[in-house]
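S.K.: Take the given structure of chain A and dock chain B to it, following the hints.
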Amino acid sequence: MNLTLKIWRQKNANDKGKLVDYKINDVSPDMSFLEMLDVLNEDLINKGDDPVAFDHDCREGICGMCSLYINGEAHGPDRGVTTCQLHMRMFKDGDTIFIEPFRATAFPVIKDLVVDRSAFDRIQHAGGFISINTSGNTVDANTIPVNKHDADEAFEAATCIGCGACVASCKNSSAMLFVGAKVSQFALLPQGRIEATDRVLNMVKQMDEEGFGNCTNTGACEVECPKGISLENIARMNREYLAASLKG
Amino acid sequence: MSGIFNSSIGRKFAMALSAFFLMIFLLQHFAINILSVLSPDAFNSASHFMGTFWVIQYVFQPILIFGVIFHFVMGFILEIRNRNARQISYAKNNGSANSTWMSRNMIWSGLTILAFLVLHFIDFWIPEINTKYIQGDLTGLLPNGDFRYHEELVHKFENPLRVAAYCLAFIFLALHLLHGFSSAFQSVGANNKYTRGLRGFGKAYAIILPLGFIFIALYHHFNH
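Protein chains in written order, with this note's numbering: chain A, 6 to 253; chain B, 99 to 322.
Same shape as in the complex, but just chain A (with noise of 0.2 Å):
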């Protein structure tokens, strides 16, 4: 295949940046976005070009390390999957593709297609753990009986890899798929609802100090999500914050 890619090029966080056109000839259909990128990067590289900067780690859908807004969606057209899953064989011979990061005000860029995610980890530290003795005397956690129901839906929210992609597709750039899914995973669990009410002010807290937008319900993140968080899991987060609000 032979295509056009239209990539957001930005030497760094105060540069202006603009949209840059790439000729890329003979693409395998096989390959995956991401291995189509290292061969673009050779070329420019070999050229004596500055390559063009992406996020990437494990290349198997679970550290939420890619990220890139493909054609106007994040991670691509295709459905539950990450960019490093996205094959070339969803595009067309002939095909211009727009290449861009992720956009939000609390994800500014670093170069290039890489921003900066940290927002999310600073709202993990805010309350996304359970408090608990690990120096050698931990309980089993299967001793603690747990509903078969609730442990499927804790793991399903677990499930989030934090991309991001919540954030790049929702219109008001919104994080709570993400923040829902955090708070869920403990709150389902009984090791995660004695520190539920702190946890969920928190969370929020930090994610409306980080400038994310408020979620106005449009649904666009569970679509894209690649692990396919549900829209349940914010109103779960929800029914959490307002009841911590009513007893803090």
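If you are wondering where the hints come from, they were derived from the structure by calculation, not from laboratory data. Virtual Cβ for every residue (Gly too), placed ideally from N, Cα, C. Among the hints, a few may not be true.
Taking CB as the label site, the calculated pair distances span [what the hints assert, rightly or not]:
| # | chain 1 | residue 1 | chain 2 | residue 2 | range |
| --- | --- | --- | --- | --- | --- |
| 1 | B | Phe168 | A | Val151 | 41 to 49 Å |
| 2 | B | Ile122 | A | Ile199 | 37 to 45 Å |
| 3 | B | Tyr231 | A | Arg198 | 53 to 61 Å |
| 4 | B | Phe151 | A | Gly85 | 51 to 59 Å |
| 5 | B | Gln155 | A | Ala18 | 57 to 65 Å |
| 6 | A | Asp62 | B | Val216 | 52 to 60 Å |
| 7 | A | His130 | B | Phe151 | 50 to 58 Å |
| 8 | A | Arg94 | B | Ile205 | 49 to 57 Å |
| 9 | B | Gln155 | A | Val151 | 50 to 58 Å |
| 10 | A | Glu65 | B | Ile205 | 51 to 59 Å |
| 11 | A | Gly85 | B | Ile306 | 31 to 39 Å |
Covered stretches of chain B (in silico footprint by chain A; criterion: 3 or more residues with CB under 8 Å from a CB of chain A, positions within the stretch not fixed) [said to hold, decoys possible]:
| # | segment |
| --- | --- |
| 12 | 152 to 159 |
| 13 | 187 to 197 |
| 14 | 301 to 307 |
M.R.: Chain B in isolation, oriented as in the chain A frame:
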């Protein structure tokens, strides 16, 4: 409890509460309006009761006006905050791939409804306030002794441009409700396995109620 309404979830919650109130009000408004088709006498009686009973006039009417203003003002505040959350737009954004037009354009359907409300207030509310509280006529009667409410309603729907504006506004109301109904329930946390039936009910409400208002406007236009 402190600070809840300064939080993103608190604002959503407040928006949803005002939406529930307005959706209940719409049902009540429709219930009285449909009487104008079924029984002009019943419509006149209901209108006179609504227009003169002090609880409705001095308690519920101010609450309604506050609810309407609150819903619009909070809608604008949320829209501004949300626009600030993404200061650089995408060069290419395929919103229709993952969300409905209605959900992405609540501000525009809302603004159309707001414009309609201005027209509606000029048509009905301001003349009503003028008659009752400035001219002091609380009788609700025409010079010939008949009730004036049905007569005034029919007269308003003689103008085809006004009827067209009303129909257009109700189409936008339907679009607003198609997302707004389920969105309000989601915002208060009511989205789980027990609430799935609400989505179907919400769609029915969002389509049937505005269609009913359109029917009333067209009925009076073509029958009088």
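S.K.: With reference to the structure, classify each hint as holding or not holding.
M.R.: Checked hints:
no.: 1; hint: B:Phe168 / A:Val151: 41 to 49 Å; result: holds, 42 Å
no.: 2; hint: B:Ile122 / A:Ile199: 37 to 45 Å; result: holds, 39 Å
no.: 3; hint: B:Tyr231 / A:Arg198: 53 to 61 Å; result: holds, 56 Å
no.: 4; hint: B:Phe151 / A:Gly85: 51 to 59 Å; result: holds, 57 Å
no.: 5; hint: B:Gln155 / A:Ala18: 57 to 65 Å; result: holds, 59 Å
no.: 6; hint: A:Asp62 / B:Val216: 52 to 60 Å; result: holds, 55 Å
no.: 7; hint: A:His130 / B:Phe151: 50 to 58 Å; result: holds, 57 Å
no.: 8; hint: A:Arg94 / B:Ile205: 49 to 57 Å; result: violated, 38 Å
no.: 9; hint: B:Gln155 / A:Val151: 50 to 58 Å; result: holds, 56 Å
no.: 10; hint: A:Glu65 / B:Ile205: 51 to 59 Å; result: violated, 40 Å
no.: 11; hint: A:Gly85 / B:Ile306: 31 to 39 Å; result: holds, 36 Å
no.: 12; hint: 152 to 159; result: violated (count 0)
no.: 13; hint: 187 to 197; result: holds (count 10)
no.: 14; hint: 301 to 307; result: violated (count 0)
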